Amino acid sequence: MSAASPSPIIERGTATSRIAAIAVVIIIALLATAPQFLSAGAVDRMTALFIYVILAAMWNALAGFGGLVSVGQQVFFGLGAYFAIRLADAGLNPFASLFVSAVIVGIVSWPLSLFMLRLRNGEFAIGMWVIAALTHLLVNLDRLVQGETGTSLISLNVYDAGTRRTVIYWLALASMTALLAILFGLLRGSTGAAIRAIRDNEDAAASVGVRVTGTKRLLFVLAALGIGIAGALWLATSITFQPKTYFNVQWTAYMIFMVLVGGIGTFEGAILGALVFFLIETWFGGTGVWYLVGLGATAVLFSLFLPRGLWGTVEERFGLHLLPVGYRVRLPGNPATALGDDAPLPRQTTQHQEKA
Amino acid sequence: MSNQIIQGILLGGYYALIACGLSFMFSVMRIINLAHGSLAVFAAFALWWLASRFHISPFVGLLIVLPLMAAIGWALQRFLLERSARGGALLPILTTFGLAIVIDNMLFEQFGADTRSLAPYIGSLSYDSWEWPGSIYVGKLAVIMFASAVILLGGLQLFLTRTRLGRSIRATSEDPDTAGLVGVDARRANAIAAAIAMVTVGLAGAFLGMRATFDPYAGAPQLLFAFEAAVIGGAGSLWGTLIGGIVLALAQTLGAQVHPQGFLIGGHAIFLIVLFVRLSASGLGLRGLLRLPSRSAS
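Those protein sequence lines, which keep their order, are chains A and B. Quick note on numbering: the working numbering labels position 240 of the first sequence as 240, and the sequence is numbered without any gaps. Each number in the working numbering comes from the position in the second sequence (counting from 1) with 1000 added on.
Hints are computed from structural coordinates only; laboratory data are not their basis. Note that the coordinates shown come from a computational prediction; the quantities given were computed from them, not determined experimentally. All C-beta atoms in this analysis are idealised placements derived from N, C-alpha and C, irrespective of residue type, glycine included. Check before you lean on any hint, since a few could be wrong.
[To be verified] Each pair of labels, with its calculated beta carbon distance range:
#1 B:Val1277 to A:Thr213: 43 to 53 Å
#2 A:Gly162 to B:Arg1086: 22 to 32 Å
#3 B:Asp1114 to A:Pro111: 37 to 47 Å
#4 A:Val289 to B:Ala1212: 19 to 29 Å
[What the hints assert, rightly or not] Per the computed footprint, the stretches of chain B lying under chain A, defined by three or more beta-carbons under 8 Å from a beta-carbon of chain A, are:
#5 1051 to 1059
#6 1255 to 1265
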């Protein structure tokens, strides 16, 4: 081939993104060794941060990529904790039960998806809320839970506090890394193209043969599994299980806040949003009610004036992709070289279209 | 047992009251307002505040609160919903959910966690009852509530079919662009529809306060009841909402008979059963559960 017939180069990353990939590995390695240096309180806070990142990333997978806004994701958070309690009560190792519990949540969510994914938009959103409310009431009926009194993950007490804290920290870090990696792989792989097509226009995607329902189901189950892990990990850090706390809609409110602020439909945005939420909570969490008012108001303002969130705006303005999941087309040489119409043109994945 | 059934039917009137605003707004603007329940609780608190602070009877207080709710509805549509609806179908869900959090917590900040009730301010009406044949006692308040629901639904129906404004609202809900071509101001029609919806919410809030207790976080269950009644009633006319409300209330009554905690479970269960039946019956073609005009929903 001569240089006179330049073909567009399709890239899956940029120089920045390759640096970012290395940075991610270094950050994870540093985080893994962090409990050696951090105080006990700081380790607990970092564990909370990892759980927030999981929650944000999973809600974003559902809403930002699957176009499914749910106000009832607390159902999986609560179930993750509840199944862990049940499994540990049945004699399973408490740490193992955290993950077995999450798998069960994922399995439970599959038949639920058959039903709920037939609802659209707002109906799906509140429908999930009804599911969460009903599940909460049913869990209350379990004698082990003793209604709103709740119960505890007693079997964790055989480990001393220091070991427990560090192990939960590592489990949270590992879960977060694994879930983010799964999501990243999913978005970068062949399913990713389908997911982005659905995000941009569901009907158009269906018309070109994208398996809309199957793809949405995948995201629904993944989100349920991830949020189940988050709930189980939260139980491990706080030991006590009160249904009211775990099935509280505030968990979904947090998820929505993190994703809206960070940038709905961007992989990096959810992580950024979780960080922002974590900092806000650290600084203002003590102010009680006004803190919650502020969260709600910020969510309203972002949805009205900056619906792409912080990261979406940055990405659009600077073309910055740290963890690119899409394709970029670079035209070598003369930029006027026309691209043939015969080849489907892989588009750079900026979020130019709003979700349908 | 027949006593319980009658109480259940009358309670259905309350659910119809709170549901009709939700389904009305959805059918006109295609927005499910997640702050619906919180706004009803806000109205209840406003009436409570007027009654406890200025000794204004809740019925007189409605003369102040209902216009206020109408103004809130108009402002809500103009400043919040209109803008967020431009960003797609999902954004209004997030906006109104954020709004609900703000309202709930502001109420908490202002009025604290205590449960309140309007019952002390309406005299003997809260416990007076009529004796019906067969030694059935029905509360006067429950009957008034049911009658209000019937009048409100009937009035709304008449308004939508008989008046010019009502027809322009219906035209906007069918197809805003075409309605615009024939001289209907869609923005105005939507804002008026939102104002009307909020008046019904205010009324529902008043009855919520009179028949039961409420606290700052009581909005979420009210939203769920409204949604459930609207979906169960579903197809066709506003009267479906009344049937939906009655079915919901009867299921709750039945649930309470079965188990002490069965009241809410019964309600949620009937909602899911109806949903399941309707989804199985309609196949994949179902585009919406609430009232939807014939236009395709995309």
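Here is what the structure says about each hint:
The supplied range of 43 to 53 Å is broken by B:Val1277 and A:Thr213, whose beta-carbon atoms lie about 20 Å from each other. A C-beta distance of roughly 54 Å is found between A:Gly162 and B:Arg1086, which places it outside the suggested range of 22 to 32 Å. Distance hint check: the CB atoms of B:Asp1114 and A:Pro111 are about 42 Å apart, consistent with the given range 37 to 47 Å. As the Cβ distance of A:Val289 to B:Ala1212 is approximately 24 Å, the hint placing it in 19 to 29 Å holds.
Note: the stretch 1051 to 1059 of chain B has 0 residues with beta-carbon separation from chain A under 8 Å; the three-residue rule is not met and the coverage is violated. Look at the stretch 1255 to 1265 of chain B against chain A: 4 of its residues bring a Cβ nearer than 8 Å to a Cβ of that chain, three or more, so the hint holds.
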